[in-house]
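**Student:** Chain by chain, the residues run as shown.
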Amino acid sequence: MDSQLIAWVLAAAQALLFVAAAPLLAGWVKCVKCRLQNRAAPSVWQPYRDLAKLLKKRMVLAENASWLFRAVPYIVFGAMLLAAAVVPLIAVRLPTAAIADVIVLVGFFALARFFTALAGMDIGTAFGGMGASREMMVSALAEPALLMAAFTLSMTAATTNLSIATEYVLQAGLVLRPSFLFALLALAMVTVAECSRIPVDNPATHLELTMLHEAMILEYGGRYLALIEWASQIKLMIYAVVIVDFFLPWGIAREFTAAALAVGAVAVTAKLMLLGVLLVAWETVLAKMRLFRVPQFLGFAFLLSVLGMLTHVVLETGG
Amino acid sequence: MALAELGLFSQAIILFAALVLFTSFIMLGQARTLPLIFTFAWQGLLLAVVTVLVAYVSKHPDLYVSAALTIVLKVVLIPWLLYRLSVQLNMQYDAELIRHPSLLLLGGAGLVIFSYYVALPIVRLSGLATRNTIAVSIAVELIGMLLMCVRRNAVAQVIGFMSMENGLFFSAVVSTYGMPLIVELGVAFDVLVAAILFGVFFIHLRDSFDSLDVVRLNRLSEADEPMPLQEAAGARPPGEHS
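Line order of the protein sequences matches chains A and B. The end of the first sequence is residue 319 by my numbering, with every number in the run present. The end of the second sequence is residue 242 by my numbering, with every number in the run present.
A hint or two may mislead.
Taking beta-carbon pairs under 7 Å as the criterion, some of the chain B residues facing chain A (in silico) [stated by the list, open to error]:
1. Leu3
2. Gly7
3. Ser10
4. Ala12
5. Ile14
6. Ala135
Everything labelled a hint here was simulated from the structure, so no lab data went into it. All C-beta atoms in this analysis are idealised placements derived from N, C-alpha and C, irrespective of residue type, glycine included.
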């Protein structure tokens, strides 16, 4: 009974830590990017200041905004919060991990995206509708690739549960699996597309020709904008942690002792910092592509995950 | 046979075999001439790595000679010949229009599944550690053939032909630990001679048709039928090329 209670407390603490640390990852990525481009970097805590400022500001709503427009920030943030609770950050075997698997995780993302697109169209401005249609085009192509990559990984681990799959990879040790390599590449490409990073979208600009995600949330301000931005930072963190869990799970805590948890926290911090640097390097060498080349980009991601599944069947299990 | 039960070197064979297949897919989707040639060179290099690993694991030292031959011919000599030719013909930055690229790649995936079913009986009978890669080698061969079928550019067709030869060599290495050395030498020199002949053929094609588009070969210069609309704009009148 007592250990059960500790596990639940730990699960809640981990989810809170996840949500609290997400702006830090975004700040780290921005900081490294500025350094790499020879600019003066803002502090890594800058996203917290931005969020605090936005939370304090008064809100201005359009006259024709319906209840949907006001509900969407909470729905999006709630979906991301639930998704963050499912992903093992510093420990596996937490009770919340049993609630949902990878497919439900993809479902949470789809739910958040659906409501954001609705909110984009709710006000009736041209930008909102354009952004919603573009976002839907990108996600309709990214989702099959994401699901195929998840299926490839879960075929090896024989489960779609993230926590159990992580433990499986930990137990198997170092195995050179071509299917994991292809799935990793596919997952990285989908992450870039879904988190509106550079070759697909540039979250730092407000140019009407290049906006995808920003165009939908142009009408939001104050507390609502803070919630939506925070949710997109959590989303980036979820993708990063899922990649870390599947491909580099070493160091994650398997029992609930203070030492194991500390090791898990340090390991996941180091891995996320490394991943952030890789993301920045990728964003710096690539230029943003035209919108009509995005289907080709995501089609390639889908091909990679199909190839991952094929190599799993052909090469890793045998006849 | 589960992958985790194999040794690290056998796992590396399988990983590099998958990468060879991946380069085949890249070639299928690559429209530009120079990256296509470089991808072909990469495929040769990965194939050489697989050969060296197979030689090490199966303790067949003659496979090292095959690997060296692969590096000299398919990583250095043939790509260099093709590169020089494409610079000479001033087509190194040309990009070919590929119709339905996604459909083409899915067709490639279909060929992988087909070759898996074809190779299944062989895999059941064989006791080799590399038996799972037989299907991949057949797939590399078939994808080379698909590349030859769908491309209109002569350089891309030659790359497809060479990639088919890569697939043949690959299947020989993984299914019987290589052909006899004399056969391999013969095939290697055949391929080299073919590359040189293709070069001569390119130059003639360029001189007489002003293009490396092989579809134009089908057209008779004496025929007085009206040309298709989209090609009539840039084409010369028939009979002028000599």
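**Student:** Hints first: check each against the structure and report whether it holds.
**Tutor:** Hint check:
| no. | hint | result |
| --- | --- | --- |
| 1 | Leu3 | holds, 4 Å |
| 2 | Gly7 | violated, 11 Å |
| 3 | Ser10 | violated, 9 Å |
| 4 | Ala12 | holds, 6 Å |
| 5 | Ile14 | holds, 5 Å |
| 6 | Ala135 | holds, 5 Å |
Checked against the numbered hints listed earlier, the structure breaks hints 2, 3; every other hint is satisfied.
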